[in-house]
Every structure is written in C-alpha cells, then in structure tokens.
Amino acid sequence: MHGCIAILLIFIAPGSMALGQGESGIQGRITAAGTGAPLAGVNVLVEGTFIGAASDLDGYYQIKKLPPGRYTVFASMIGYRNTRVADVIVPQGTVVSVDLALERDILKSPQIVVTATRMEQDIMESPISVSVVGLRQLLDKGAVSLDEVIEYESGVALVKGQLNIRGSSGYTMGAGSRSLLLIDGVSLLGSAAGNIVWTVVPASEIERVEIIKSAGSALYGSSAMGGVINIITRNAPPRPETRLRVRLGRYSRPKHDQWRWRESPGLLHTAEATHARPYGDHSGWLRVQRNYSPGFTRLNWLDAWNLTGKLKFNFGSRYSSALYANYYSESKGLESVWKSPAAPFEAPAGSEHDKGIGQKVNINGVVNYIYSPTMVVRVKAAWYDVWWKNQGTNKDYSNERKYFTELQAATNWTSALSTTTGLVCEQAGIRARIFGKHNSRTTAGYLQARQKIGNWLLSSGGRYEQYYVDGKNKDQSFAPSLAVNWRRYTWLSLRASAGGGFRVPTVAEMFSRSQLNVFKVEPNPDLASEKSVSLEAGGAIVLPAILFKQLNLDASVFVNNFENLIEPVPDHEGIIHFENITRARIAGQEVSMTALVPGEWALWQLTYTHLDPVALSGAGEVIDTLSYRYRHNLFNTVKLYVRGATLTFEYRYASRLDKTELFDENPRSGQDRRVPLHLINMSLGRTFYGWETLLRVENLFQYYYVELERNMASERLLTLTLNRTF
Amino acid sequence: MVIIVLSTCTLPEGLGPVSGVEGELRIKGEWPDSIKAAALVVLDNLDLDKPVEHLITFSDPAMPGDTARQYFIQLQPGLYYMVAAGLTVAPSLFLANIDSFTTVPNPPIVILDDDLVAISTPVIISEHEIKEINRTIQF
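Top line first, the protein sequences correspond to chains A and B. Taking the working numbering, the leading residue of the first sequence gets 6, the next gets one more, and so forth. Taking the working numbering, the leading residue of the second sequence gets 73, the next gets one more, and so forth.
Quick caveat, the hints were computed from the structure, so don't treat them as lab data. These figures come from a predicted structure and were not determined experimentally. Don't take every hint at face value.
[To be verified] Below, simulated DSSO-like cross-link-like pairs (lysine-lysine); rule was C-alpha separation at most 27 Å, straight line:
no.: 1; chain 1: A; residue 1: Lys479; chain 2: A; residue 2: Lys525
no.: 2; chain 1: B; residue 1: Lys122; chain 2: B; residue 2: Lys108
no.: 3; chain 1: A; residue 1: Lys442; chain 2: A; residue 2: Lys337
no.: 4; chain 1: A; residue 1: Lys165; chain 2: A; residue 2: Lys400
no.: 5; chain 1: A; residue 1: Lys525; chain 2: B; residue 2: Lys100
no.: 6; chain 1: A; residue 1: Lys337; chain 2: A; residue 2: Lys525
no.: 7; chain 1: A; residue 1: Lys260; chain 2: B; residue 2: Lys203
no.: 8; chain 1: A; residue 1: Lys360; chain 2: A; residue 2: Lys525
no.: 9; chain 1: A; residue 1: Lys477; chain 2: A; residue 2: Lys442
no.: 10; chain 1: A; residue 1: Lys479; chain 2: A; residue 2: Lys536
no.: 11; chain 1: B; residue 1: Lys122; chain 2: A; residue 2: Lys400
no.: 12; chain 1: A; residue 1: Lys525; chain 2: B; residue 2: Lys108
Model the full structure from these sequences, guided by the hints.
Okay, here's the thing in structure tokens:
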C-alpha cells in the first residue's frame with residue numbers, strides 16, 4: 006500500500022450485542038499501524054452526524070444509539086493521519102465492528118480544524134487559509150506564552166505584542182485589534198480596549214491553535230475582520246497524569262558596553278504543574294504556573310501567577326459539557342519609551358519604578374445536547390472580569406466586566422448539507438480613569454451553511470450584529486461570506502473565498518482622554534464602524550516520496566479592502582483623535598512549505614508573506630503607506646534529528662517598517678532609525694531519563710531593532726526547559 | 073551543516089551605539105502664553121534669520137510650566153550649533169516628521185536664547201561621542 010495512504014485493517018462483521026438488545030451502533034479497536042499498539046484518546050466520529058466517541062486506554066471505542074444506515078467512520082488524533090472508513094452498513098439492532106490502524110503523521114501537525122466554518126473538517130478541505138499550531142510545536146520552542154510561537158507562523162506578525170494577521174491591525178496603541186482571539190470559541194478580547202494579554206493563555210494546555218487568515222466577521226463578528234486565532238484547550242487524557250515543566254533563563258548583557266545597565270544577570274524562571282485525570286465518564290485538569298522575568302529592559306519585568314482548570318462532563322450519549330476557568334494575577338513594569346538611544350534599555354528619568362498590577366478572571370462553559378444524530382444544540386456562556394491599576398508617573402485604573410452567551414444549533418440536513426446557526430449576546434461595563442464609565446451591548450445572529458458536491462465544498466453564510474453603547478444604538482452591520490474548496494485529489498486542494506468584515510470602535514478608541522509623552526489624546530465618540538471586503542484564492546499540496554519523504558506546500562493571494570479604518574491621527578493642533586480614515590487596501594501573497602527528507606533526519610519549513618498595505622483616497626488612488634506593517638516576512642526553520650537529539654535552527658526576517666506614526670526617521674541626525682529584522686534562534690532538545698530537555702538561544706547574535714519607535718525589541722535569551730509527564 | 077551556514081553568513085548590523093548631546097534645558101521665569109513648548113534646536117549653520125533652513129533636529133520639548141527638561145539629541149558626527157527656541161504651536165504635530173516642520177511657510181519657531189557666546193560656540197561631535205551641555209532659557 007502506498008506510503009501516504011493510511012493502512013486500514015477493517016473488519017466489518019455483525020457485532021455482539023454489547024451495546025444492548027436492539028440497539029444499533031459501531032464499535033472497534035484503534036491501533037497504531039506497524040506496531041499494533043492500542044491508541045487511547047482517538048476521536049471517532051460518524052460523518053454526517055454528531056455522534057462519536059473517544060477510544061479508551063486499550064484502544065476500544067463504542068458508538069451507541071446509531072440509527073440503521075450507511076455511514077463513514079472518521080478517526081483523528083494529533084500525530085496520526087486522519088483515517089476514513091466509508092460504506093459501513095449498520096443494520097437495525099446490530100452492532101458492527103470497525104477496527105482501524107492509524108498511520109503515523111511524520112509531521113505531527115493537527116489535521117482537523119473547526120474555526121474556519123464552525124464545523125469540524127479536514128484542514129485540506131478548508132475553504133479559507135488556516136494555519137494550525139499543535140502542542141508539540143509549542144513545547145519544541147520551550148514557549149511559556151503563546152506569542153512566542155505564533156509569531157513564527159505564516160502571515161502572523163506582532164508589533165509590541167499586538168497581533169497582526171496579514172497586516173490587519175498595525176499598531177493601535179493597544180486601543181483595538183482587528184484580529185480576534187478566542188479560547189474554545191469564546192472571545193478573550195477586553196471590550197474596552199480590545200487588546201490581547203498573551204500571558205493569560207495556558208499555552209502548555211492547548212490541543213491546538215487555529216489561525217484563520219481571512220475575514221471572520223461572518224462567523225465571529227466584530228474584531229474578526231482581519232482574522233481569528235482560536236485556542237482549543239485540551240481535554241484530560243484517558244489515564245491520570247501529572248506534568249511538571251520548568252524553564253530557567255538568562256538575558257545576556259547588551260553587547261555594546263555603552264548600553265549596559267545592570268550589574269546582576271537577568272535571570273528568569275517559569276514553573277508549572279498540571280494534574281489531569283478521568284473521573285468515570287468525566288475528566289478534568291488543573292494547572293498552576295508561576296512566571297517571573299526581570300525583562301531585558303528596566304521596565305520589561307513581569308511577575309505573574311496563573312491558575313487554570315478545565316472540567317469535561319459526559320452525561321450519557323446525549324449530553325456533554327465543559328467548564329473552563331482561569332485566574333491570572335500579575336505585577337509588571339510599565340514600558341512607554343526608552344530613556345534615549347544612548348541608553349535604550351533604561352527608562353526615562355522619573356519613571357524607573359512605574360508598574361502595573363492587575364487580575365483577570367475568565368470562566369466559560371458549554372453544554373452540548375445531541376437532539377438527534379443529525380442535530381446538536383450548544384449553549385455557551387462566559388464571564389470575563391479584568392481589573393488593573395497603574396502606579397508611578399502614569400497613574401491609571403480600569404475595572405471591566407463582560408458577559409457572553411450564545412445559543413447554537415448545528416444540523417446535518419443530508420450527508421452533504423449542513424448548517425450552523427446561532428444567537429449571541431454580549432454585555433460589558435467598564436469604569437476607567439481615561440475612558441470614564443461606559444457600557445456596551447452586542448446582539449447578533451449568524452447562519453453558516455456547508456454543501457458538499459462531489460469533490461467540491463461550498464460554504465456560505467452571514468452574521469448580522471447590532472451594537473449599543475451607553476444604551477444607544479451605535480451601529481449595525483451585516484457580514485456575508487462565500488467560500489469554496491475543490492479537493493481535486495487527496496493530495497491537492499484549491500480554495501477561494503470572499504467575505505465581508507466589520508469592527509465596531511472600542512470604548513478606548515471612542516472615549517480615551519490621556520497625555521502620552523507630548524501627545525495628547527482626546528475622545529471621538531462619533532467614530533463609525535470599520536468595514537472590509539476580503540478576497541482570497543489559494544491551494545494546498547501534500548506530495549509524498551518525490552525527492553522528499555513528504556512535501557507540504559500552501560500558497561495564496563489575497564486582497565483586503567477597508568472602509569472607515571480607525572487610526573490614531575493628529576489634528577492641526579497636534580492633538581490625537583482616533584479617526585475613520587477614508588479607505589485602505591492590504592494586498593499580498595503568501596507561500597509556505599514543509600519538507601521532510603528521506604530517512605526523516607531533517608525537516609525544513611519555510612514561509613514567506615508579502616504585503617502591500619496602502620491608504621487610498623476616495624477616488625481609489627494610493628496616497629500613503631499604512632504604518633507598522635512589514636512588507637516582507639520570512640521564516641525559515643531547519644530541524645535535524647541526530648541520535649535521539651533535535652537540533653533546530655530558525656531564521657526570521659522582516660523588512661524595515663516603511664512607516665511609523667509617532668517618531669519618524671530623521672536622516673539628518675540619524676534619530677529614530679529603523680532597520681530590518683534578522684533574528685536567529687537555535688535549540689537543542691533531547692530526552693534524559695524521561696525528562697524532555699531543551700536548551701534554546703533566541704536572538705543568538707544579539708541583533709538590535711525596534712518594532713515600535715523608541716522601544717528596543719530584543720536581547721539574547723538563553724533558556725533551559727525541563728518537561729516531564731508522570 | 074547549520075554551523076557551516078552560520079559561519080559563512082555575515083549578519084547585517086542592527087541598531088548600535090549613537091553619538092549626540094545630552095543635558096538639561098532649564099527654564100526660568102513665567103512661560104508666556106504664546107509659547108506652547110520650548111526645545112533645544114540643532115543647526116548645521118548659525119544663521120538666526122533663517123534657522124529652519126539649517127535645522128537638523130530638536131530635543132523633546134519642555135511643556136508650559138516645566139522648569140527643567142532632561143534631553144538627549146542624537147546626532148551624526150559633525151559640527152553643530154545649538155539654540156534654545158520656542159514653538160508657538162503644540163509640538164506633537166512636528167515630532168512625527170522633521171520635514172513637516174521645515175516645509176511650512178511660516179515656521180512656528182522663535183529664538184529664546186540670548187546667550188550669544190553659547191549660541192555661537194560650535195559643538196563638534198565625534199563617532200560614538202556623547203557631550204553634556206546644559207542650557208537655560210530666561211523668560
């Protein structure tokens with residue numbers, strides 16, 4: 006059998022009556038191809054229904070209460086290839102056995118995505134561009150915060166921690182994001198500023214992170230106009246486990262003597278412990294993390310605690326639910342700008358002790374009710390509470406609370422047609438010194454349909470949303486989407502999509518009143534919503550055994566047109582308001598490649614994104630470049646597997662920022678010079694006595710650059726990470 | 073292989089140490105209403121009739137009410153003149169781009185420095201040299 010095709014050991018026969026007299030169903034055992042070892046925790050789904058099961062410790066699974074019919078059984082697990090068994094006939098009152106042997110996925114990357122259409126699908130059948138980051142990739146980088154990993158994904162760039170998917174956000178002073186961050190499908194953005202706090206995310210407890218690189222407003226509403234990152238947290242495994250992870254690190258002293266600013270070495274440490282276990286049909290995990298970093302600049306330090314847990318309940322074959330809770334407490338330095346280019350790691354005089362303290366609580370839950378084999382109803386609810394206070398030269402405080410509820414119904418009308426529809430209500434209140442006291446409410450309804458016709462998959466839908474601020478109807482928007490995927494062969498798929506997007510202005514953009522350095526920011530409550538139209542076309546190829554053992558290619562071209570883009574703009578008196586600028590367009594191309602050499606001793610990953618981000622006049626003429634967008638982004642990773650060790654070499658290039666907002670380059674004096682970004686990282690990983698050990702150096706050659714004016718972006722960091730599961 | 077690749081590559085230079093002047097701009101007396109900010113202005117030629125034509129850069133401005141402002145001005149090696157000046161508009165508009173300051177028809181700048189010796193003494197900056205200069209404005 007060809008190497009890339011799953012080896013299936015299918016045994017279909019009338020089964021025993023183990024599921025009960027008169028019940029129809031499917032049962033079987035799942036093993037690893039080649040070794041025959043049982044696989045626990047494999048997700049098995051009957052395609053066209055919402056009925057499924059997970060394999061137990063011995064690899065056995067049971068799917069109960071299945072109406073008689075002809076089905077396709079679909080099995081998936083990270084680290085193994087997706088496997089389908091078609092034409093499984095289940096007669097009335099009979100249980101048939103379907104055993105599967107899953108072939109190892111040598112790239113160990115997740116193969117299933119859910120965010121692109123709100124329905125589970127093979128990544129090769131996604132009608133829009135998706136990147137997926139698995140837990141393995143995160144552990145291979147020794148990352149403790151999600152941003153340490155996703156900034157190496159194609160199309161993703163961070164500007165001082167602010168997320169940009171294909172250049173959507175630029176840098177908005179933390180006042181709003183055009184990319185949505187979800188955890189298990191629920192927004193993690195604050196409603197006031199809409200900014201992202203990466204350290205809140207329990208990065209080591211993810212199953213996967215899905216990055217949608219096209220307008221997602223038709224499904225996810227405001228802030229998703231530039232894309233969506235959905236963090237899928239993991240469920241507890243079938244057997245109890247305890248995991249310990251420790252990261253120790255040291256920031257290097259600046260390589261230029263003139264820049265040295267502290268006598269003691271910058272030692273950082275992160276320690277985390279997770280315990281996970283099943284309780285009968287239920288399961289749960291709890292993680293505690295302490296994260297301390299002295300930072301590489303005087304005000305870059307962080308001291309944080311993070312307590313996270315997840316419970317998964319299974320009540321019979323119809324009901325299941327999950328509850329996720331996170332408490333995060335931090336104390337950190339408040340960076341604004343450096344002291345001077347002669348002392349770029351120090352803080353301006355008088356602000357050396359500026360700090361912020363804060364707490365965040367996030368609880369979200371979902372109840373799934375399988376109404377019938379072809380219909381599932383979900384109820385989601387979330388509570389998000391954020392409190393922070395700044396001390397020092399920039400005294401400030403904020404208290405924000407957000408509630409979210411969603412009712413969703415997913416239906417498979419036929420084996421080829423399915424829909425997902427839902428109603429959403431989100432309510433938020435904020436009290437802050439620089440915003441005042443405000444509240445907002447969003448109500449929305451959405452419908453997404455998916456139709457399979459042969460090798461074609463059509464996806465279309467839309468979302469209507471109404472937005473209220475301080476009790477007044479501020480805006481309403483409708484975002485449609487239409488997308489198609491043509492999987493011509495198992496190894497080739499082509500895709501095209503068009504989608505509308507919108508983003509309502511945040512409370513921060515409408516009501517901020519502050520003084521930042523010499524810049525005065527004043528409110529603009531009349532801001533209108535941003536609108537966008539996104540077009541994309543692309544294709545994905547998985548080629549086995551041609552020069553490489555496996556070669557994955559993905560390419561896409563895209564153009565995003567924006568109306569009423571909100572940007573900070575100084576007026577004729579130099580006072581900054583957030584304004585709707587007329588029009589903007591971000592066009593670009595993206596390619597990515599993953600290649601594994603024969604013998605599996607080397608893996609090569611290469612991604613490149615080109616952006617052309619421009620502001621347009623009303624007549625459509627290019628009048629300016631959009632600020633804080635890298636035109637060229639390239640990531641190159643080479644992994645060598647030698648004698649049980651993994652040696653990784655990473656190179657990241659980003660072209661010099663064409664434009665910034667606050668301090669432009671002065672060629673006469675050399676002030677505020679901007680340079681391209683050249684980062685080289687190396688790591689060496691090996692397992693000793695059950696401990697996964699990773700030695701990693703980031704910014705190996707101490708290359709200095711700024712992402713945001715007057716903020717040094719990096720210093721060499723050496724870390725040692727130890728990870729063990731008991 | 074990686075070591076070979078690394079050893080044959082020449083990594084481009086990133087940001088590095090700079091040269092310039094630093095010190096304190098002291099302000100004495102009452103700020104006039106017409107002055108919205110005060111700064112040290114760096115010129116490449118001492119022509120006080122047309123200072124904007126010779127403008128290289130200026131320091132982060134002191135704002136009305138300030139009595140002192142520490143500053144650092146990055147400069148490339150060369151010869152310069154430094155003059156304390158007042159801005160008659162809010163300064164943030166001009167921090168973004170020095171060209172936007174020099175191209176306006178009537179630059180909103182007034183010379184506040186009356187220390188002719190200090191003004192006419194050139195400041196010579198060498199590579200990676202940072203000179204300390206304190207100046208005072210008397211309103």
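Hints, verified against the model:
1. Lys479/A - Lys525/A: holds, 26 Å
2. Lys122/B - Lys108/B: Satisfied, since the Cα-Cα distance of roughly 21 Å is no more than 27 Å.
3. Lys442/A - Lys337/A: holds, 25 Å
4. Lys165/A - Lys400/A: holds, 21 Å
5. Lys525/A - Lys100/B: Measuring from Cα to Cα gives roughly 25 Å; hence the hint holds.
6. Lys337/A - Lys525/A: Since the Cα atoms of Lys337/A and Lys525/A sit roughly 25 Å apart, the hinted pair holds (cutoff 27 Å).
7. Lys260/A - Lys203/B: holds, 22 Å
8. Lys360/A - Lys525/A: The given pair, whose Cα atoms are some 21 Å apart, holds under the 27 Å limit.
9. Lys477/A - Lys442/A: At roughly 15 Å apart (the allowed maximum being 27 Å), Lys442/A and Lys477/A satisfy the hint.
10. Lys479/A - Lys536/A: holds, 15 Å
11. Lys122/B - Lys400/A: Not OK: Lys122/B and Lys400/A at ~42 Å, beyond 27 Å, violated.
12. Lys525/A - Lys108/B: With Cα atoms ~13 Å apart, Lys525/A and Lys108/B stay inside 27 Å; holds.
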